[in-house]
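A.B. asks: As a plain string of letters, each chain reads:
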Amino acid sequence: NAGVTQTPKFRILKIGQSMTLQCAQDMNHNYMYWYRQDPGMGLKLIYYSVGAGITDKGEVPNGYNVSRSTTEDFPLRLELAAPSQTSVYFCASSRGEQFFGPGTRLTVL
Amino acid sequence: AQSVTQLGSHVSVSEGALVLLRCNYSSSVPPYLFWYVQYPNQGLQLLLKYTSAATLVKGINGFEAEFKKSETSFHLTKPSAHMSDAAEYFCAVTTGSGGSNYKLTFGKGTLLTVNP
Chain A
563 NAGVTQTPKF
573 RILKIGQSMT
583 LQCAQDMNHN
593 YMYWYRQDPG
603 MGLKLIYYSV
613 GAGITDKGEV
623 PNGYNVSRST
633 TEDFPLRLEL
643 AAPSQTSVYF
653 CASSRGEQFF
663 GPGTRLTVL
Chain B
3 AQSVTQLGSH
13 VSVSEGALVL
23 LRCNYSSSVP
33 PYLFWYVQYP
43 NQGLQLLLKY
53 TSAATLVKGI
63 NGFEAEFKKS
73 ETSFHLTKPS
83 AHMSDAAEYF
93 CAVTTGSGGS
103 NYKLTFGKGT
113 LLTVNP
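For the protein sequence lines, the chains are A and B, in the order given.
For reference, each letter of the first sequence is one residue, going 563 to 671 in this note's numbering.
For reference, each letter of the second sequence is one residue, going 3 to 118 in this note's numbering.
This list has only true hints and no planted wrong ones.
If you want the footprint, here are the derived chain A segments under chain B, 3+ residues with CB under 8 Å:
#	stretch
1	603–611
2	652–661
What follows is a list of derived Cβ distance ranges for each label pair:
#	chain 1	residue 1	chain 2	residue 2	range
3	A	Arg657	B	Val31	19 to 25 Å
4	A	Val612	B	Asn43	25 to 31 Å
5	A	Pro601	B	Ala19	25 to 31 Å
6	B	Gln47	A	Pro570	17 to 23 Å
7	B	His12	A	Glu621	21 to 27 Å
8	B	Ala19	A	Leu671	40 to 46 Å
9	A	Phe572	B	Pro118	29 to 35 Å
10	B	Pro42	A	Glu659	20 to 26 Å
Calculated directly from the structure, the hints in this document are not laboratory data.
Where is the CB? At the ideal position from N, CA and C, for every residue including glycine.
Full structure from sequences and hints, please.
C.D. replies: As structure tokens, then:
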């Protein structure tokens, strides 16, 4: 099992550009999550999904969108990148325990 | 609503000394509590969890935590620190049904430094 995989590992965006952060899991988990981690702030939940076709907002959803067309994939979309979205993004999946991916470090300049 | 407070953003100990990382929670219903560890440039890994069974919970790498309802605390301890324990530690709470990790709320983290 690869577990939870995320691509890319690093990305630099210009203000106003868009991009999709990819997340995939091969554990057949129904629950999937996107978090952002900022220094000294812990992890904040952006969006989550309880199964294919079902998503909902977390604590900090503004500026992001998600979709869940399959059990395995849960991409996060940034439409108009802003400097405030500079962060490390983690995807996770769970049936019980949450398993985390290695993260994507995004810088918006 | 639920919340977590981790006292001390940075804790420094000597190798072989006791490790104590503090976590207090706020929850209107019985909580499920977790400790995660994050090594540099990696994702989070579960250390241990409390899901309303035994109040003293043992985890990986020699860590344990005790749930104290009267003090709303779930402090993480390890009797003897090892250099490899240097990492950031996060306490998290959920009131998800069945003890699942549904919608965790994380503390801000405590960076543990271990000095030789």
